[in-house]
Amino acid sequence: MLTILFDGIAYGMLLFVVSCGLAVTLGLMNFVNLAHGAFAMAGGYITVILVNRLGLPFLASLPLAFAFTAIIGAVFERTLYVHVYTKSHLEQVLFTIGLVFMSVAAVDYVMGSQQQFVSIPSYLQGQINFFGVGIGRYRLLIILVCGLLTVALQFALASTRFGARLRAAVDDARVARGLGINVNAVFAITFAVGSGLAGLGGALGAEILGLDPHFPLKFLIYFLIVVTVGGTSSITGPFIASLVLGIGDVAGKYYVPQFGSFVIYTIMIVVLIWRPQGLFSRAVAK
Amino acid sequence: MSALASLPPKPLVATAAASLASRARWKPAEIAFWLATVASIFLLPSKHLILTEIAILGLFALSLDLILGYAGIVSLGHAAFFGFGAYAAGILAKYGIIKEPVLALLASGVLAAALGFVTSFLVLRGSDLTRLMVTLGVALVLREIANQLDITGGADGLQGVVMEPILGHFPFDMFGRTAYIYSLVTLFVLFLIARRIVNSPFGLSLRSIKGNPLRAAAIGIHVNGRLVTIYTIAAAYAGIAGALLTQSTQFASLSVLDFERSADVMLIVIIGGTGYLYGGLIGAVLFKLVQDYLANVNPQYWQFWLGLILVMMIMFGRVYGAIMAALIFAICTWTRLPFMQSIVFTLVVLAVLGIARPQILAVTSRITERAAAIQTRLRARLARKPAER
Amino acid sequence: MLRRDMMLGAAALAAIFASPATAQDTVKIGLIVPMTGQQASTGKQIDAAVKLYQQQHGTTVAGKKVEVILKDDGAVPDNTKRIAQELIVNDKVNFIAGFGVTPAALAAAPLATQAKVPLIVMAAGTSIITERSPYIARTSFTLAQSSVIIADWALKNNIKKAVTMVSDYAPGADAEKFFSDRIKAGGGEIVSAIRVPLANPDFAPFLQRAADAKPDALFIFVPSGQGGTFVRQFTERGLDKAGIKLIGPGDVTDDDLLPGMGDAVIGTVTAHMYSASHPSKMNKDYVTAFEKAYNFRPNFMSVGGYDGMHLIYEALKKTNGDTDGDKLIAAMKGMKWESPRGPISIDPDTRDIVQNIYIRKVEKVNGQLYNQEFATFEAVKDPGKTAK
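Listed in order, the protein sequences are those of chains H, U and Z.
So the mapping is simple: the working numbering equals the position in the first sequence, first residue as 1, plus 77.
Note that the working numbering gives residue 74 to position 89 of the second sequence, counting from 1, and the numbers run on in steps of one.
So the mapping is simple: the working numbering equals the position in the third sequence, first residue as 1, plus 44.
No lab work stands behind these hints, which were simulated from the structure alone.
Just so it is clear, CB atoms sit at the ideal spot from N, CA and C, and this is done for glycine as well.
Please note that the accuracy of each hint is not assured.
Computed cross-link-like contacts, DSS-like style, restricted to lysine-lysine with a CA-CA straight-line distance of at most 30 Å [said to hold, decoys possible]:
id, chain 1, residue 1, chain 2, residue 2
1, U, K32, Z, K160
2, Z, K380, Z, K425
3, Z, K205, Z, K429
4, Z, K380, Z, K160
5, Z, K160, Z, K108
6, H, K164, U, K195
7, U, K273, H, K164
8, Z, K405, Z, K221
9, U, K273, Z, K72
10, Z, K108, U, K32
11, Z, K95, U, K273
12, Z, K109, U, K32
13, Z, K361, Z, K72
14, U, K273, H, K295
15, Z, K377, Z, K136
16, Z, K72, U, K32
17, Z, K95, U, K32
18, U, K79, Z, K160
19, Z, K228, Z, K205
20, Z, K95, Z, K136
21, U, K79, Z, K429
22, U, K84, Z, K160
23, Z, K221, U, K79
24, Z, K362, Z, K95
25, Z, K136, Z, K380
26, U, K273, U, K12
27, U, K273, Z, K136
28, Z, K325, Z, K362
29, Z, K285, Z, K204
30, Z, K109, Z, K336
31, U, K32, Z, K136
One-sided excerpt, in silico: chain H residues whose CB lies under 10 Å from chain U [said to hold, decoys possible]:
id, residue
32, S338
33, Y342
34, P353
Kindly generate the complete structure, drawing on both the sequences and the hints.
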């Protein structure tokens, strides 16, 4: 019973790390980035290359996965995305789906279509028995990393100068520019960090979610669910939504396996009918 | 206040009627479009199968455009109705409930409409994103239901559907000729109805809702009622499209409810242009032909090129973007570049184009201006000729 | 007189030279496999094996040129159906082959009957497929074959309580049914039967359920591709340490993925018809050539493609190049040959494959993971048909 709760939390945390980048671009920058999963996939494959082929320790490769994905994100932002911010949502959908198609085919060719596995060090394998509750070590790591990240993100957005600039740039880019904020740089950094987080999530999640070229499409729905259910106006919304969905999904599959896959969709529909703007948002979104 | 006084003064009614009438007038290009489709029956006998699929996809896109382009309801789950219609038609035929295909088609449409009516209340509220996700959720839940039920055959698909001849006279043939003509006739009839709908006062009221629901409500339009109506109609259209697919392939599987199907039809409508009935049809033709061509040239990695086209279309406009994407593809194909190098080459070109976008846009807009100027000059000359004579 | 002879001779010569170009002398095979989407690895394996076969055996058989037309259906059955129909109607193919998933094969089956075109199933593994048309022959395997054999093995090895966990679609249902029936018939017990959604991200809750049932063994079937994630989570959860044996058909320890699965998978016992480490000379040559050409390890899907090509070539030899569907299928019935997986034949009654099923255990050989075969059940027919 508690093991199920634990697994659900770990799963939810993982969903959160992968999706929070999307929450940032969608919620703060008002940009529909369906290619978000492609960055997560990039992080996963970077880890595979670093750990399996170059023999780097797994833990050391996590920050590198973040950094590399962030750089890729920044390059794409500067060259391509920057032109699409002002387009309509539908055009953004078309553009980013195009990027997804390209990334799927390219990765398929370069890395092969089969699933990839990261070699996890032995100290992260297996379970710890904690008062009769089986706790997976790897899942514990996920919870720790994701917990820290959440706190850091919340702090960065709410209490730092950069966070304030970002919120200003989002609320009114023109006025922010007038106040001497370099809006372009702020957006670029935010986008890079969002991609980097996705990459980190992909690196951590490869073990649990599996990693193959189809990843960005396979999990797109999950990211979107997290963001819409959580609402896009804060970090805590998607965080709690991820946990609810993670626990709901895992528990649903455990207790009522024949209806397992309905649970997550049903939660979403019910929440969205009850609160169309998501669970946690001021109802001012346009 | 008398009823008369609340009516607008007569000239206004007349102008409105005139504007509606002018919208409803058939333009030469439209007639040419339909003549071309009729000609395709005779000129492209070997392509009937893919053409049937295009016609069905076109009808499906038309359905999405009714709600997306005219009423502003975005949907990532339109396959719900398509799939519902597809399964309905399959089950009706398989268990011999309604044997005659045309009747079964209508019945499937009615059933899909009923589903549309019920679910329409879910999309009345919320932002675009909420609507996207609610519709998506409905489609996914339906897909799960179809997966679990016995009557649908679950993940194996609905097997053993056998179709009677249409109207008792025209059996479905191996070459897909009957199916193509059948699909085209259905598409044309439904298109005519859609054309009537969007050019009616009801259609105009939808556009005003799309433009600004608050103002529309303020001038006395019953917003929710209108939205429910059009959503139900669109669901019927999608259901009929799905039923056509089942009837022409004599088979239905879970893929009729897939997320990919909803996403594809959305891409098609955006590519073809929203709020324009031919947009969905043209989008369907282009999308399917390009997809089929690329998948034949490169069965493994065709998605890469399809993706490139989408990206370029948004970056540089539909026409120029598509031309530039085609150029990159042509360079890679003609020089027989291995795919690895093609990927690198394309990414580098993309980055360069991205950086140089303002300059490129300046060039393309100049080309457009030049072309427009030539066009007006030509038109002026053409107009002058009869006068000179 | 002389002039007329010369003209005749010239005409004959022209006919000889012109002949390879005419359609009559080309045999076309429409190969429909998923090259994109989640089943893409199946398509790649089959495509690679088919190309390898043609490299090794040439593209001419019985005086005819064999041309393979590769098409991607993305494992979407209505695509499969349309593509098959186009291939038959427009390209006038003489065979349709491939079929990555059961629904795709079922969708194309009526076409084979209508057009009298032999349909060679190279991957899909549900029993019923070959019953759907008299023109279908299979060179892959059926899940019933592996599932029944692993059940027999389990009973012999004192496994009395088992939990089944299968992906929720036709092959999964087949695997579950044949395994459970056999176990129950042998006095064993199925304590819990779990169905996992086909597109499933996380196995944790299902594994926990299996663990709570405390069985002797967990019978697992997931489509090739998901096996790796599954096995890793199985050990992560400590089910191996709890004394639960992991058994199943060989899809879970797919050779394609095995090298990357990590040591967690060592000790898994599966029953299947092919392992890349099958100790025959033919297989060693096959694996070497395959890895050299494509840089990845062939799996059981690849031999399905390889043997499918062999079946087509041999059938053509037997009919002397005649492409009449009835004659070809008649030629295929009862055909026996040596495949990289071992001796196989086509059952003359059901047109399904008869082959050895091997019991294998995952072991590390020269630092690489392999399914090492340690017991053989010879010439297993599809139990899905013999049961009736």
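ask   = Quick one, are Z:K361 and Z:K72 close enough, alpha carbons at most 30 Å?
value = With a Cα-Cα distance of about 15 Å, the restraint between Z:K361 and Z:K72 holds, given a limit of 30 Å.
message = What's the verdict on U:K84 and Z:K160, does the C-alpha distance respect the 30 Å limit or exceed it?
response = 27 Å, holds
query = Is the straight-line distance between the alpha-carbon of Z:K95 and that of Z:K136 30 Å or less?
reply = 21 Å, holds
Straight-line alpha-carbon gap H:K164 to U:K195, limit 30 Å = 18 Å, holds
30 Å limit on alpha-carbon distance, applied to hinted pair Z:K405 and Z:K221 = 23 Å, holds
key: Given pair status - Z:K429, Z:K205, alpha carbons within 30 Å   = Within the cut-off at roughly 27 Å; holds.
inquiry  = Checking one constraint from the list: CA of Z:K109 to CA of Z:K336, max 30 Å. Satisfied?
reply    = 26 Å, holds
inquiry  = Would the hint linking U:K32 and Z:K136 be met if the CA-CA limit is 30 Å?
reply    = Answer holds: U:K32 to Z:K136 is near 14 Å, not above 30 Å.
message = Holds or violated: Z:K136 and Z:K380, Cα atoms, limit 30 Å.
response = 28 Å, holds
key: 30 Å Cα cutoff - pair Z:K325, Z:K362   = Judged against 30 Å, a Cα distance of about 26 Å means the pair holds.
message = Checking one constraint from the list: CA of U:K273 to CA of H:K295, max 30 Å. Satisfied?
response = 23 Å, holds
message = So if I understand the rule, the pair passes when the alpha-carbon distance is 30 Å or less; does Z:K221 with U:K79 pass?
response = 26 Å, holds
Of the hints listed earlier, there is not a single one the structure fails to meet.
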